[in-house]
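S.K.: Following the hints, put chain W in place on chain B, whose structure we already have.
So the protein lines, in turn, are chains B and W. For the first sequence, counting from 1, position 101 maps to 101 in this note's numbering; every step adds exactly one. For the second sequence, counting from 1, position 101 maps to 101 in this note's numbering; every step adds exactly one.
None of these hints come from the bench; they were simulated from the model. Please read all numbers here as calculations on a predicted model, not as lab measurements. Just so you know, not all the hints are guaranteed correct.
One copy or two, either will do: identical chains are not told apart, so a pair holds if it fits within one copy or between any two.
What the hints assert, rightly or not - With a Cα cut of at most 30 Å, we get these calculated DSS-like pairs of lysine-lysine: (1) LYS179 x LYS2; (2) LYS66 x LYS179; (3) LYS66 x LYS188; (4) LYS96 x LYS51; (5) LYS154 x LYS3; (6) LYS63 x LYS179; (7) LYS195 x LYS76.
There are 2 protein chains.
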Amino acid sequence: MKKGKVFVISGPSGVGKGTLCHELMRKYPSLAQTTVSVTTRAPRPGETEGKHYYFRSEAEFDKMLKEGLFLETVDKFTHRYGTLFSEVEQVLDGGKNVILEIEMIGGANVKKHIPEAVLIFILPPTLEALTARITGRGSETESEIRLRQAQVEKEFDQAAPYEYFVVNDVLDDAVENVKAIIVAEGLKDALSDVKQNYFGRD
Amino acid sequence: MKKGKVFVISGPSGVGKGTLCHELMRKYPSLAQTTVSVTTRAPRPGETEGKHYYFRSEAEFDKMLKEGLFLETVDKFTHRYGTLFSEVEQVLDGGKNVILEIEMIGGANVKKHIPEAVLIFILPPTLEALTARITGRGSETESEIRLRQAQVEKEFDQAAPYEYFVVNDVLDDAVENVKAIIVAEGLKDALSDVKQNYFGRD
Chain B
1 MKKGKVFVIS
11 GPSGVGKGTL
21 CHELMRKYPS
31 LAQTTVSVTT
41 RAPRPGETEG
51 KHYYFRSEAE
61 FDKMLKEGLF
71 LETVDKFTHR
81 YGTLFSEVEQ
91 VLDGGKNVIL
101 EIEMIGGANV
111 KKHIPEAVLI
121 FILPPTLEAL
131 TARITGRGSE
141 TESEIRLRQA
151 QVEKEFDQAA
161 PYEYFVVNDV
171 LDDAVENVKA
181 IIVAEGLKDA
191 LSDVKQNYFG
201 RD
Chain W
1 MKKGKVFVIS
11 GPSGVGKGTL
21 CHELMRKYPS
31 LAQTTVSVTT
41 RAPRPGETEG
51 KHYYFRSEAE
61 FDKMLKEGLF
71 LETVDKFTHR
81 YGTLFSEVEQ
91 VLDGGKNVIL
101 EIEMIGGANV
111 KKHIPEAVLI
121 FILPPTLEAL
131 TARITGRGSE
141 TESEIRLRQA
151 QVEKEFDQAA
161 PYEYFVVNDV
171 LDDAVENVKA
181 IIVAEGLKDA
191 LSDVKQNYFG
201 RD
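Next up, chain B with everything else stripped away, as it sits in the complex (with noise of 0.2 Å):
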């Protein structure tokens, strides 16, 4: 059986990969799976233990992560998320793509560990946009906006791993877009094994 690929869905905060990816889940739910995060942040009211996430204490976390058990963590604000290994092990044994929405900067560590997973890149349609979306309603100075800016354009140098960019303007678009990376992906082979399949060696 072939195994399954890692794809990275990641962009800077605000950019929409979140919904991005329960849509594409929502309508090809055979194309891929996620897998749950380890969080030291408390489950929110209809959070379940191992559906949403593995709810773990800080010193447990630490634990963890001293174990080697993450593929990637990142700390957002006071609380710390992780991907473990095993969990995508277990998907890509079974033959099954995995999708990891994380931040950014997860995505050059989890491309250390696993050279051939897919790095997605979702980009805002413009870069206004992307601060409006953020920033709330025109609300800030011009100050303010261009301070947020810089902070994006430094977000988008995280990016130099990622192979792959999808702009998400049209929701729908965006989702056939990653689609397609995800089937186009899934074509690539090695010769010698695509011969093994038809003469039954190399």
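M.R.: Showing chain W alone in chain B's frame:
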């Protein structure tokens, strides 16, 4: 304007690559453009100079070959066929993708001249399906079939530089898969170019 890319579509004789390309262009005419090849064979009824082929004499073909006008050439039976650099460049400069439906051996030559060309290999559903399609309907001896299969295996060895492998079982599925490859390849980008779009500089 973003430049187009070159997509080589090839595969063993009888795999249906011509039908696939024709259906792809019919269904998605804006996805890519084909080019007009040069041939030394005589026009068939209904074929037009400059539309179906550029019909040239052996001597003219030789002259063009010496002048380095061909991206790739192939000999089929007693006739010769060639893809012109100028035809390909014209489409690329217009920001469109080029589809070259060529013999397998041509793929390596295209890749040599245009390293960023994307090589797609069309596979038969099974080895038996392919040999049946070529040799006719069961009129061959066992040894003839084995000989043909050995030839196919040799043909497969020319596929080493090919990156994508698409099985042509259900035509419409194969068309959708090739489309996904062309769409996905168009989403590959360099961060420097992406930043240029958003921030007006590297």
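S.K.: Please go over all the hints and tell whether each is borne out by the structure.
M.R.: How the hints compare with the structure:
Proximity of LYS179 and LYS2 under a CA criterion of 30 Å is satisfied in both settings, with 19 Å inside one chain copy and 22 Å between copies. In this assembly of identical chains, LYS66 and LYS179 lie within 30 Å of each other by CA distance neither inside one copy nor across copies; the values are 36 Å within and 45 Å between. For the homomeric pair LYS66 and LYS188, neither the shortest alpha-carbon distance inside one copy (36 Å) nor that between copies (36 Å) is at most 30 Å. With identical chains, the CA atoms of LYS96 and LYS51 are at most 30 Å apart within one copy only, with a shortest distance of 18 Å there and 45 Å across copies.
Taking the shortest Cα distances, LYS154 and LYS3 sit within 30 Å of each other only across copies (27 Å), while inside one copy they are farther apart (35 Å). For the homomeric pair LYS63 and LYS179, neither the shortest alpha-carbon distance inside one copy (37 Å) nor that between copies (47 Å) is at most 30 Å. In this assembly of identical chains, LYS195 and LYS76 lie within 30 Å of each other by CA distance solely across copies; the values are 25 Å between and 47 Å within a copy.
Hint compliance for this structure: hints 2, 3, 6 are broken, all remaining hints hold.
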